[in-house]
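Peer 1: Taken in order, these protein sequences are the chains called A and B.
Numbering-wise (the numbering used here), the first sequence opens with residue 1 and increments by one.
Numbering-wise (the numbering used here), the second sequence opens with residue 1 and increments by one.
These are calculated hints, taken from the structure and not from any lab test.
Misleading hints may appear alongside valid ones.
Copies of one chain are not kept apart here, so a pair can be met inside one copy or by any two copies together.
What the hints assert, rightly or not - SDA-like mimics (lysine to any residue), calculated; alpha carbons at most 20 angstroms apart, straight line:
no.	residue 1	residue 2
1	K13	S91
2	K13	H24
3	K88	N66
4	K120	T41
5	K2	L117
6	K2	Q166
7	K84	E10
As a plain string of letters, each chain reads:
2 protein chains.
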Amino acid sequence: MKFQLDNAQEILKRTPAVLNSLLHQLPDEWIFSNEGADSWTPFDVVGHLIHAEETDWIPRVKVIINYGESGVFEPFDRFAMFEKSKGKTLSDLLIMFERLREESLRELDEMNLTPDLFGKQANHPELGKVTLSQLLSTWVVHDLSHVRQIVRVMAKQYKEDVGAWQNYLPILNR
Amino acid sequence: MKFQLDNAQEILKRTPAVLNSLLHQLPDEWIFSNEGADSWTPFDVVGHLIHAEETDWIPRVKVIINYGESGVFEPFDRFAMFEKSKGKTLSDLLIMFERLREESLRELDEMNLTPDLFGKQANHPELGKVTLSQLLSTWVVHDLSHVRQIVRVMAKQYKEDVGAWQNYLPILNR
């Protein structure tokens, strides 16, 4: 399956509802437990998605469209949410993410991106030259990847509780 | 975090909505693509969850409650959905799963299970003696595990499209 803008948007527009259905009003034990050490809780992951929405995706699309090969992305702070989410509830974060994602998708729509632009490049601070379609594909995979992280973190809370079934459930051992 | 029936039910009751928000009316390219060879598509996974709902969870709870240590679970057919889902649409399956899960949770409620029963055992055909709370914990982890599988399968469709970002996205390499 090759990147297509409309198919990518189908995933991007669903993510707020996926997070809501997974997490909204879930007991704190599920929301604030992590995988040990300095790993992330589901609450942290939602904060990370918010920070990405504010600083990463549409801002980088604009760098490519407006500056092309002379454009350089701002580095992305993967840990900014630890400060930014302080004092907020999960409900606050879910509402904020939903609103930000709607804005992002509206901006994306208004750009009327056409396939002839998909190969347009700018510079990633670590990865070098990347294209518009690679950025948009990464946005999709990043969403799915963090949904996966959230369900893995939740599953691991029952690692000991499943007893002998642990061997049938690889999610518990990664 | 230790198994608690009410916290487990919070996850179990959300899964139909999670699957709906992820998959309902998604283009066929997302629904019917797999990870290669004889791996499963998102469509196959929903069919598998339906078969588990019909033959695995509540039926096994009943074996433990009604027969205890003299009870033996029926083996579970992990591939039954390939026949059972034939001729159905994803919409059919999502509706069917939602209805079956509601029934399961109603049955579970009506059993009024109390913590003194959680250690009650029956025999798994391969794993030997397992307890009620291990079975119920496994039900939760099994749900989360298959949500994870679905998002991984979808993410992999863009494996090549993300370009150099592939190195930042472990979901693409598992």
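Peer 1: If a hint holds in the structure, say so; if it doesn't, say that too.
Peer 2: Results for each hint:
For the homomeric pair K13 and S91, the shortest alpha-carbon distances inside one copy (19 angstroms) and between copies (19 angstroms) are both at most 20 angstroms. Taking the shortest Cα distances, K13 and H24 sit within 20 angstroms of each other both inside one copy (18 angstroms) and across copies (12 angstroms). For the identical chains of this complex, K88 and N66 are neighbours neither inside a copy (35 angstroms) nor across copies (47 angstroms), given an alpha-carbon limit of 20 angstroms. In this assembly of identical chains, K120 and T41 lie within 20 angstroms of each other by CA distance neither inside one copy nor across copies; the values are 36 angstroms within and 32 angstroms between.
Proximity of K2 to L117 under the C-alpha cut-off of 20 angstroms is restricted to the intra-copy arrangement: shortest distance 15 angstroms within a copy versus 52 angstroms between copies. Proximity of K2 to Q166 under the C-alpha cut-off of 20 angstroms is restricted to the inter-copy arrangement: shortest distance 15 angstroms between copies versus 36 angstroms within a copy. Taking identical chains as interchangeable, the C-alpha atoms of K84 and E10 are never at most 20 angstroms apart, the minima being 28 angstroms within one chain and 28 angstroms between chains.
When the structure is compared with the earlier hints, violations turn up for hints 3, 4 and 7 and for no others.
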